[in-house]
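**Student:** Given next are the chains, with one letter for each unit.
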Amino acid sequence: MRLRLGLLLLGGMALAALLAPAVAALLGHDADLPDLFNRFAAPSLDHPLGTDDLGRDMLLRLLYGARVSLVVGLAVALAATGLGTALGLLAAWRGGWVDALLMRLADGLLALPALPLLVVLAAVDPAKLGLPRGEASTDILRITVILTLFGWVGVARLARAAALSEMAKDYVAAARVCGASEARLMWRHILPNISGPIVVAATLAVAGAILAESTLSFLGLGIAPPASSWGNMLSNAQELVFSAPLTAVWPGLAILLTVAGCSLLADGVRRR
Amino acid sequence: MPRLIALRLLQMLVTLVLLSAVIWLLIGLMPGDPADLAIAADPRLGPEDAARLRALHGLDRPLSERYLAWAGAMLRGEFGYSRLFSQPVTALLWPALGSSLALLGLALGLSAGIGIALGVLAAARPRLAPAVEALAVLAQSTPSFWLGMLLIILFAVMLGWLPAGGAEGAASLVLPVATLTVVNLAAYARHAASAMTEVLALPYVTTARAKGLSAATVLWRHAFPNAALPLLTVAALDAGSLVSGALVTETIFARPGMGKLIYDAIMGNDYNLALLALLLAAAVTMLATLAADLAQRWLDPRLAA
Numbered sequence: 001m002r003l004r005l006g007l008l009l010l011g012g013m014a015l016a017a018l019l020a021p022a023v024a025a026l027l028g029h030d031a032d033l034p035d036l037f038n039r040f041a042a043p044s045l046d047h048p049l050g051t052d053d054l055g056r057d058m059l060l061r062l063l064y065g066a067r068v069s070l071v072v073g074l075a076v077a078l079a080a081t082g083l084g085t086a087l088g089l090l091a092a093w094r095g096g097w098v099d100a101l102l103m104r105l106a107d108g109l110l111a112l113p114a115l116p117l118l119v120v121l122a123a124v125d126p127a128k129l130g131l132p133r134g135e136a137s138t139d140i141l142r143i144t145v146i147l148t149l150f151g152w153v154g155v156a157r158l159a160r161a162a163a164l165s166e167m168a169k170d171y172v173a174a175a176r177v178c179g180a181s182e183a184r185l186m187w188r189h190i191l192p193n194i195s196g197p198i199v200v201a202a203t204l205a206v207a208g209a210i211l212a213e214s215t216l217s218f219l220g221l222g223i224a225p226p227a228s229s230w231g232n233m234l235s236n237a238q239e240l241v242f243s244a245p246l247t248a249v250w251p252g253l254a255i256l257l258t259v260a261g262c263s264l265l266a267d268g269v270r271r272r
Numbered sequence: 273m274p275r276l277i278a279l280r281l282l283q284m285l286v287t288l289v290l291l292s293a294v295i296w297l298l299i300g301l302m303p304g305d306p307a308d309l310a311i312a313a314d315p316r317l318g319p320e321d322a323a324r325l326r327a328l329h330g331l332d333r334p335l336s337e338r339y340l341a342w343a344g345a346m347l348r349g350e351f352g353y354s355r356l357f358s359q360p361v362t363a364l365l366w367p368a369l370g371s372s373l374a375l376l377g378l379a380l381g382l383s384a385g386i387g388i389a390l391g392v393l394a395a396a397r398p399r400l401a402p403a404v405e406a407l408a409v410l411a412q413s414t415p416s417f418w419l420g421m422l423l424i425i426l427f428a429v430m431l432g433w434l435p436a437g438g439a440e441g442a443a444s445l446v447l448p449v450a451t452l453t454v455v456n457l458a459a460y461a462r463h464a465a466s467a468m469t470e471v472l473a474l475p476y477v478t479t480a481r482a483k484g485l486s487a488a489t490v491l492w493r494h495a496f497p498n499a500a501l502p503l504l505t506v507a508a509l510d511a512g513s514l515v516s517g518a519l520v521t522e523t524i525f526a527r528p529g530m531g532k533l534i535y536d537a538i539m540g541n542d543y544n545l546a547l548l549a550l551l552l553a554a555a556v557t558m559l560a561t562l563a564a565d566l567a568q569r570w571l572d573p574r575l576a577a
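Quick mapping for you: the protein sequence lines, in order, are chains C and L. For the first sequence, our numbering assigns the number 1 to the initial residue and increments by one for each residue that follows. For the second sequence, our numbering assigns the number 273 to the initial residue and increments by one for each residue that follows.
A couple of the hints might just be wrong.
What the hints assert, rightly or not - If you only want the chain L side, here are some residues facing chain C, beta carbon under 10 Å, derived:
(1) Leu281
(2) Gln283
(3) Leu291
(4) Ile295
(5) Thr414
(6) Trp418
(7) Leu419
(8) Ala511
(9) Gly512
(10) Thr523
(11) Ile524
(12) Met530
(13) Ile534
Claimed, not checked - Selected chain L positions facing chain C (Cβ under 7 Å, derived; list incomplete):
(14) Leu298
(15) Met302
(16) Val515
To be clear, the hints were calculated from the coordinates, so they are not data collected in a lab. Given the structure is predicted, the values throughout are model-derived calculations rather than measurements. Don't be surprised by glycine CBs; every beta carbon is placed ideally from N, CA and C.
Here chain C stands alone, though its shape is the one from the complex (with noise of 0.2 Å):
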């Protein structure tokens, strides 16, 4: 039931971001040109949820949005999974010294405030570190890189405590009397092992990055406009919320059911 809820919501937004270049030309506007002489349009056949404060197809906007969301989720889920994983079993196989460090800087992470830095990282310019700035793949980059820096930690902590408890086990033992490399064993026996805690923790991660991605555009940190993301346009409704209080209920609503479908999926996996 959770599971094919999740599916369900989550299939809906992916099929709606992978549609947005149809629908576009089906409808014949350009989700990022203003149409100044069309601005606040009611929902009509031309524009089915109207247009915003400068005349831009909300729905296309909307769609363009998913994409961005799904791409930030998708890319920050794997590079903290990836990464936790490895910096977790690294943890769990060396233990000593690489361990108590790894996790005293988990700890750390975690007690920590993560959006007031998060907005820090994300006010860093990319121009002083010889990048460049302003265009939505960059942006979509840097997002993904400080929310990557960020999302390892729950990851890490979850792999080296399965991988502790799996490294007790007698197989482990039997494997290595067999003579297999230790590579060997923690990429065929042990990882194996420990995969479903961490397909958990991965779908969560995709949850929390979207979350956070659009409060970062929201807060003006994020996906910069014309490109629109949910955050952004939410953003840009904040400022309308007296003249055109509607603009902000569609992509918050998108949000919502994204999120949730996420965490409908991860909860439906955990109890299988």
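Keeping the supplied structure of chain C fixed, place chain L upon it in accordance with the hints.
**Tutor:** Here is chain L on its own, set in the frame of chain C:
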């Protein structure tokens, strides 16, 4: 116990020192510096004047040297001024901290209270459990800034019952507290539900029921105290997310406090204020986590062993 506290405080101090160095480095990478901003105010000044200003204020020195100079001033108790607000940093930080603690304290109390009540309800009446779970999924999936905007639109713009922002009077607290409460209560509800379900299945609960105690006594006097311990862990982990939530809610509701101060200072290139506000927020978060840990150990002697 005293050893543990001393160790944790030492760990906190190390974290804060490391954090100050990292933030210092990051701030050095933010766009624009004070000299750029200063010459923008006067069209007759050019790049060479900016260079002279930088040399005058020591901004041409390497980051490491400037960091050590700043750290020395901190140790002497010289916290400096905020450029954005033209006031000593300490005059800004303490009132902001007080305002944030009032907001966060209310939100923490309400979200724990409502969340735990919902969780216990789900455990005591299994027929209601799916409804509580659905509510929890919805609440934790709602972006706080969106909920805040919806509340402003409904209660301030359309109905006009409550102020949309600011910090005048108790009425201005209602919407921010409600926003933070809804976003935070899901964790309490879920953990309370699972902990209570576990405890209610234990034999001693059956014994209490068999003695003829009332359902309410069994639930709250016998079962709840044992289920409440894991909830303190939730509260400990919650401190960081509450401070993060304060940044968003205070910004949306234009409410002076630590979160808004940090955001405004970073956006306004007010480095000194940003750095100190971030360190203060981090210190308060870590102290709250430590307090929840200690409370848990005090209530459950098994953990101390």
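**Student:** Work down the list of hints and note, for each, if the structure agrees.
**Tutor:** Each hint tested on the structure:
Taken as an interface hint, L:Leu281 does not check out: its beta carbon lies about 13 Å from the nearest beta carbon of chain C, beyond 10 Å. For L:Gln283, the interface hint holds, the least distance from its beta-carbon to any beta-carbon of chain C being 8 Å, beneath 10 Å. Nearest Cβ of chain C to the Cβ of L:Leu291: about 7 Å, under the 10 Å cut. The hint holds. At a threshold of 10 Å, the smallest CB-CB gap from L:Ile295 to chain C is about 6 Å, leaving the interface hint in force.
Because the smallest distance between the Cβ of L:Thr414 and any Cβ of chain C comes to about 6 Å, under 10 Å, the interface hint for this residue holds. With 10 Å as the threshold, the beta carbon of L:Trp418 comes within range of chain C, its nearest partner Cβ sitting at about 3 Å, so the hint holds. With a cut of 10 Å, the hint placing L:Leu419 at the interface with chain C holds, because the nearest CB-to-CB distance is about 8 Å. Interface restraint check for L:Ala511: the shortest CB-CB distance to chain C comes to about 8 Å, inside 10 Å, so the restraint holds.
The restraint placing L:Gly512 at the interface with chain C holds, with a minimum CB-CB distance near 5 Å, inside the 10 Å limit. Taking 10 Å as the C-beta cut-off, the interface hint given for L:Thr523 holds, the closest approach to chain C being about 7 Å. At about 7 Å, the closest approach between the beta carbon of L:Ile524 and any beta carbon in chain C falls short of 10 Å, and the interface hint on this residue holds. The beta carbon of L:Met530 comes within 9 Å of a beta carbon in chain C, closer than 10 Å, and the hint placing it at the interface holds.
Annotation: interface hint on L:Ile534 holds; nearest CB of chain C at approximately 5 Å, less than 10 Å. Given the 7 Å rule on beta carbons, the hint for L:Leu298 holds: about 5 Å separates it from the nearest Cβ of chain C. This hint holds: L:Met302 has a C-beta 5 Å from the nearest C-beta of chain C, less than the 7 Å allowed. Restraint check, L:Val515 versus chain C: the minimum CB separation of about 4 Å is within 7 Å; hint holds.
Checked against the numbered hints above, the structure violates only hint 1.
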